[in-house]
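In order, the protein sequences belong to chains S and E.
The first sequence begins at 16 in our numbering and counts up one residue at a time.
The second sequence begins at 109 in our numbering and counts up one residue at a time.
Calculated directly from the structure, the hints in this document are not laboratory data.
Virtual Cβ for every residue (Gly too), placed ideally from N, Cα, C.
Accuracy of the hints is not assured; some may be wrong.
Partial selection, computed: residues in chain S whose CB lies under 7 Å from chain E [as the list claims (entries may be wrong)]:
1) 27
2) 31
3) 70
4) 78
5) 80
6) 111
7) 125
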Amino acid sequence: MNTYVPGLPWELQPDACVIMYDNAGIHDAAGDAFMHANGMYFVRLPAYFPNLQPIEGVFNELKRNVRDLVYLNHRYMTKPMRLMATSTAMLTHAQVAGQFVRVSNNIAALL
Amino acid sequence: MRMLFHAPLSPASPLRVSLRLRRPATMFSEETRQHVLGLLNEDYSPEVVRGIMGFSKRSMRRWMKNLRDNGTVWRNQVLQNSHEDAAVRNPALTHAIMSLLHREPAAFLKNHSDLLIALSIDYPSSDHRYVSAATVYRVLRANNITRKRVERLHSERSEEAQRAFEVAINAIPMRCLISVDESHTAGSDMYRPYGRSVKGVPCRLFDRDTRPVPSKSTMMAVSLSHDVLWSTTVILGGAQTSDD
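Given these sequences and hints, build the entire structure.
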């Protein structure tokens, strides 16, 4: 990831410099403190608000790949790590970008 | 709960047997109790009734007292044989739960362990007996607090935060965001319950047992410019508690 530059307008900030995550129990104050200490800029989603999280849709695509792979070759069921690696590699740029567009449209609709 | 029944033999008899039987949910029905009291009213002595029905004299005295005081054979007509719920009648616990509900409704929507930690501020286990999550939900139900009502309380509180977040996130370009989360993939996620095939060709679906397949947790970060920035999968062990 790139480093967020404080004070710089958003138009001039580098790509992939803001981490966005939800309020799961594992995302505790210690993690926030670690990222803050390392100069990482992050935003937390409000509680129970996953429709603005692009990766939720990416996971949906990932699990569709999992089902397709197991359907085509049942031996993947005994090789879980290979299954997940192959499923992740099958994710395309269009699929990931489509989820960011979906979130952008959601924000526009809510405002 | 178990109850010990003895055969009607003399205590000194070598043939005395004892049978461990599971006690029924309702020990003795209302009809049975009224029948016993009817026998007593017909001038049968308690010893004779005890010999016929097998009840203790203390039970019969208690039922007679209940009938005299309450008009029924039960001490409490509503509860009947059930015990009163000490947790529901505990004002300190009820106050602590209701305070937490109005202060932080999200606590009741998270993991049970998080709920108990949040509750321990108002109701520390060092001062009281340990309270389980089931007890907390029982107290909520006794106070007519349903999950739907908790969710409404939470959404009303968080609507303001959601609006503020929408404004803040709208200012950040999508290319700057890295979306991070984790997801579990269990055996049931691998099974495709429906399929498609060419007309006239039977659809081939595998009925595989996915239960032995280990559950996996995938942590992933995606961004608009890098696609999948980072991904890690770990195999999880079997669940030990309901929160796992």
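To see whether the hints hold, each was checked on the structure:
1. 27: Where the cut-off is 7 Å and the nearest Cβ of chain E is about 10 Å from residue 27 of chain S, the hint is violated.
2. 31: holds, 4 Å
3. 70: holds, 4 Å
4. 78: holds, 5 Å
5. 80: violated, 11 Å
6. 111: OK, holds: residue 111 of chain S within 7 Å of chain E, min 5 Å.
7. 125: holds, 5 Å
In this structure, the hints that do not hold are numbers 1, 5, in rising order.
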